[in-house]
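The chain contents come next:
4 protein chains.
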Amino acid sequence: MQENLARRRTYERDGVEFSRTVAFTDGLFAIAMTLLVVSLAVPTLSDESSVSELADKLSDDISTFVSFAISFAVIGRYWLAHHTYFSALARVDRTLITLNLVYLAFIAFLPFPTALLGAYFSNPLSIVIYAVNLAIVSGMEVVLFSYAQNHELLEQKLPRDVYRYGAAMSLAPVAFFLLSIPVAFLSTTLAACCWFLGIPLAAIAQRWKPKGADELLLG
Amino acid sequence: MQENLARRRTYERDGVEFSRTVAFTDGLFAIAMTLLVVSLAVPTLSDESSVSELADKLSDDISTFVSFAISFAVIGRYWLAHHTYFSALARVDRTLITLNLVYLAFIAFLPFPTALLGAYFSNPLSIVIYAVNLAIVSGMEVVLFSYAQNHELLEQKLPRDVYRYGAAMSLAPVAFFLLSIPVAFLSTTLAACCWFLGIPLAAIAQRWKPKGADELLLG
Amino acid sequence: MQENLARRRTYERDGVEFSRTVAFTDGLFAIAMTLLVVSLAVPTLSDESSVSELADKLSDDISTFVSFAISFAVIGRYWLAHHTYFSALARVDRTLITLNLVYLAFIAFLPFPTALLGAYFSNPLSIVIYAVNLAIVSGMEVVLFSYAQNHELLEQKLPRDVYRYGAAMSLAPVAFFLLSIPVAFLSTTLAACCWFLGIPLAAIAQRWKPKGADELLLG
Amino acid sequence: MQENLARRRTYERDGVEFSRTVAFTDGLFAIAMTLLVVSLAVPTLSDESSVSELADKLSDDISTFVSFAISFAVIGRYWLAHHTYFSALARVDRTLITLNLVYLAFIAFLPFPTALLGAYFSNPLSIVIYAVNLAIVSGMEVVLFSYAQNHELLEQKLPRDVYRYGAAMSLAPVAFFLLSIPVAFLSTTLAACCWFLGIPLAAIAQRWKPKGADELLLG
Numbered sequence: 001m002q003e004n005l006a007r008r009r010t011y012e013r014d015g016v017e018f019s020r021t022v023a024f025t026d027g028l029f030a031i032a033m034t035l036l037v038v039s040l041a042v043p044t045l046s047d048e049s050s051v052s053e054l055a056d057k058l059s060d061d062i063s064t065f066v067s068f069a070i071s072f073a074v075i076g077r078y079w080l081a082h083h084t085y086f087s088a089l090a091r092v093d094r095t096l097i098t099l100n101l102v103y104l105a106f107i108a109f110l111p112f113p114t115a116l117l118g119a120y121f122s123n124p125l126s127i128v129i130y131a132v133n134l135a136i137v138s139g140m141e142v143v144l145f146s147y148a149q150n151h152e153l154l155e156q157k158l159p160r161d162v163y164r165y166g167a168a169m170s171l172a173p174v175a176f177f178l179l180s181i182p183v184a185f186l187s188t189t190l191a192a193c194c195w196f197l198g199i200p201l202a203a204i205a206q207r208w209k210p211k212g213a214d215e216l217l218l219g
Numbered sequence: 220m221q222e223n224l225a226r227r228r229t230y231e232r233d234g235v236e237f238s239r240t241v242a243f244t245d246g247l248f249a250i251a252m253t254l255l256v257v258s259l260a261v262p263t264l265s266d267e268s269s270v271s272e273l274a275d276k277l278s279d280d281i282s283t284f285v286s287f288a289i290s291f292a293v294i295g296r297y298w299l300a301h302h303t304y305f306s307a308l309a310r311v312d313r314t315l316i317t318l319n320l321v322y323l324a325f326i327a328f329l330p331f332p333t334a335l336l337g338a339y340f341s342n343p344l345s346i347v348i349y350a351v352n353l354a355i356v357s358g359m360e361v362v363l364f365s366y367a368q369n370h371e372l373l374e375q376k377l378p379r380d381v382y383r384y385g386a387a388m389s390l391a392p393v394a395f396f397l398l399s400i401p402v403a404f405l406s407t408t409l410a411a412c413c414w415f416l417g418i419p420l421a422a423i424a425q426r427w428k429p430k431g432a433d434e435l436l437l438g
Numbered sequence: 439m440q441e442n443l444a445r446r447r448t449y450e451r452d453g454v455e456f457s458r459t460v461a462f463t464d465g466l467f468a469i470a471m472t473l474l475v476v477s478l479a480v481p482t483l484s485d486e487s488s489v490s491e492l493a494d495k496l497s498d499d500i501s502t503f504v505s506f507a508i509s510f511a512v513i514g515r516y517w518l519a520h521h522t523y524f525s526a527l528a529r530v531d532r533t534l535i536t537l538n539l540v541y542l543a544f545i546a547f548l549p550f551p552t553a554l555l556g557a558y559f560s561n562p563l564s565i566v567i568y569a570v571n572l573a574i575v576s577g578m579e580v581v582l583f584s585y586a587q588n589h590e591l592l593e594q595k596l597p598r599d600v601y602r603y604g605a606a607m608s609l610a611p612v613a614f615f616l617l618s619i620p621v622a623f624l625s626t627t628l629a630a631c632c633w634f635l636g637i638p639l640a641a642i643a644q645r646w647k648p649k650g651a652d653e654l655l656l657g
Numbered sequence: 658m659q660e661n662l663a664r665r666r667t668y669e670r671d672g673v674e675f676s677r678t679v680a681f682t683d684g685l686f687a688i689a690m691t692l693l694v695v696s697l698a699v700p701t702l703s704d705e706s707s708v709s710e711l712a713d714k715l716s717d718d719i720s721t722f723v724s725f726a727i728s729f730a731v732i733g734r735y736w737l738a739h740h741t742y743f744s745a746l747a748r749v750d751r752t753l754i755t756l757n758l759v760y761l762a763f764i765a766f767l768p769f770p771t772a773l774l775g776a777y778f779s780n781p782l783s784i785v786i787y788a789v790n791l792a793i794v795s796g797m798e799v800v801l802f803s804y805a806q807n808h809e810l811l812e813q814k815l816p817r818d819v820y821r822y823g824a825a826m827s828l829a830p831v832a833f834f835l836l837s838i839p840v841a842f843l844s845t846t847l848a849a850c851c852w853f854l855g856i857p858l859a860a861i862a863q864r865w866k867p868k869g870a871d872e873l874l875l876g
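Quick note, the sequences are listed as chains S, D, W and R, same order.
Taking the numbering used here, the leading residue of the first sequence gets 1, the next gets one more, and so forth.
Taking the numbering used here, the leading residue of the second sequence gets 220, the next gets one more, and so forth.
Taking the numbering used here, the leading residue of the third sequence gets 439, the next gets one more, and so forth.
Taking the numbering used here, the leading residue of the fourth sequence gets 658, the next gets one more, and so forth.
Rather than coming from a laboratory, the hints here were simulated on the basis of the structure.
Don't be surprised by glycine CBs; every beta carbon is placed ideally from N, CA and C.
Hints may be right or wrong, so weigh each one.
As the list claims (entries may be wrong) - Calculated pairs, DSSO-like style, for lysine-lysine (alpha carbon to alpha carbon, straight line, at most 30 Å): (1) K157/S to K209/S; (2) K57/S to K714/R; (3) K868/R to K814/R; (4) K276/D to K595/W; (5) K649/W to K595/W; (6) K495/W to K868/R; (7) K57/S to K276/D.
As the list claims (entries may be wrong) - According to the in silico footprint, chain W covers these stretches of chain D (three or more CB under 8 Å from chain W): (8) 239 to 248; (9) 251 to 263; (10) 312 to 322.
What the hints assert, rightly or not - Derived, one-sided and incomplete: chain W residues facing chain R with beta-carbon distance under 8 Å: (11) L466; (12) F503; (13) A511.
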């Protein structure tokens, strides 16, 4: 009986409950990514058919387009990581589903910092709010990852070195986002560049990568 | 023949129709949760790069962020309960699907009371509208729950004491939301606190919980 | 070979392509229903904590709430019918998928006539636009229904009398919506009442219902 | 071992990961199509119940309705093509999923050029932005198509002539969209007509179509 009850509380990969968690997550990601476009406002023109006026107005709003593109890429990147993460899960439990909801709250919130960044790219506080939001998302990724490793939810438990490497790779963006906060008060452009430090790091980190890590880890 | 027709009217757990009901519900929840962010407006600044002005404007809007967070948590909590509820269902019928749509109407409506609460937290009427909306959602939960119990839709019919305990636990929030209505006219903050009375209650209610309730009931 | 190719063009109920059509439809319905709330604007108050002022402003907007409720009920009703319709399908083909997209275009458009109706309920043109939109949706329902019947897409082809009864029941709303158009110029409230003529009709139509119709027809 | 690892990186048609990619795509398409309606604003009337004033205001906004209709048809058309494309896939890999996200970024962006076109149809720059966006979407279609062909992702590899024909048919819209850019500076209406050159082309191209192309190619 006890065993039976314990089994009820986890939801296996081929069941309706696992699928729902995934479908709900995908729906929320898709909406958050599509809502980004809502912050792009059609400019008001004095001469409706003037190419130069429209071009001027749109180039004034260039940072809204840049922040749309960055946020789409960022959320897309998190979705890819989430996709890979869930592909390694054999089952979910209620705690993981709840942690996943917390993670999604910060994904759903992202269109706001994105709009803020688009409107006030030169304002250090916009950068700080955006960076803190992403640091939390990346931090939650680590929480989800270690929870699955430590509660028998993965299809195959990761070897210690692979687990550590994976956790380090997910923590690195947290560090970069936090680093960008003081930098934002010097230069907001430089701060935004910090967010992409993960790209060279990923190249360097290849050296330390334990054997089999690629196949076992989130993206 | 009669039996065959009766079977057509219920949709088993592994069929397309059961999945559609679940997928539609998940889609609507995901959208309602993501739309909450639309009520967060980017403030207008006189000095675009002024940290203090942006900080002031955002802290003026603090109640919109608090109401985003509360509503995300509240809808997330309902989604979790819905997830657990459906995990106990063996099949759905057309009446349950219709009741589920009524339930979803009040979930879809929530972004409006949320925006109202964010804009006018000190206004007792905002609190009343929000509380009535949530009372209806919790009430519909009880309706869905008892309908499934009484129409052979659950995988295993609940023992009488477990059913009563579950119905009471779902009705408690209705009572707390209704209680907050008169309280709102004394203090809106105190009224909002009433909404969280479920947390201590859940702890106390552990004592009366019938054996096996945890495993059989909605969250 | 020819037979093999012909088979490729239809997508059976248990395949990915059938599911996608259904999932896409459900997503679009869920979004259209949730977007209705976006047209509900938070009023501007001179005294933020005044209950009477907020109550006045909200009751000025009463028609936006009524039109939210009507449209949620209407779209929910169409979703239920679509759900029942697809439950009778054994497969879809590309033409049906395309017809389904046309049908969905008018579902996706509905939030606009809803907002129009909410803003200008007393304007006959709002009623006309809303009624025409719904007449097209109901008309497309008949098209989808007869296409499936005549192209071997149903799990079991309907007997002639059941098919005719079903088509008539789907055409009736078209008639009521069209009827409401001239009525709107006399009284917009009376016109809106025409939309609900289907309820007494459904009760009366029970008499003419062929045997087995309930089990075989869309809702 | 090496083989096992290689297999992990592709996701077969009947697995959760394939479904997620499809579900995420369908969600994003459904939202992009439904968000188009958000750019349709309810006009402000001086006499709320005046039919002629509302009719005038709405006919002033006629281009927003036309651009809603065109964009719904265009995105619907892409969704159909994507549906057919995925029906030919036996599996996906991480690169294809990433390319699919890039493709989706331009689908998610479409509501903005649509709103721009609706507001300033007579402005050549609106036409250019819309055309460039669609040219990229069609171009990405070709990229997705050739990637699948060359990386063993299709259920059956296409014969050379069918592959070439399919790529040409997908590239044709790119040419038409690019052609419309210079035309826009002569006449924006004429430019919009260029977008539909695919319809006569498809009729003419029937002649050159290799045997079996219909059955093997994206729509």
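(request) Mind listing which of the numbered hints don't hold for this structure, in increasing order? (result) 4, 6, 12 and 13
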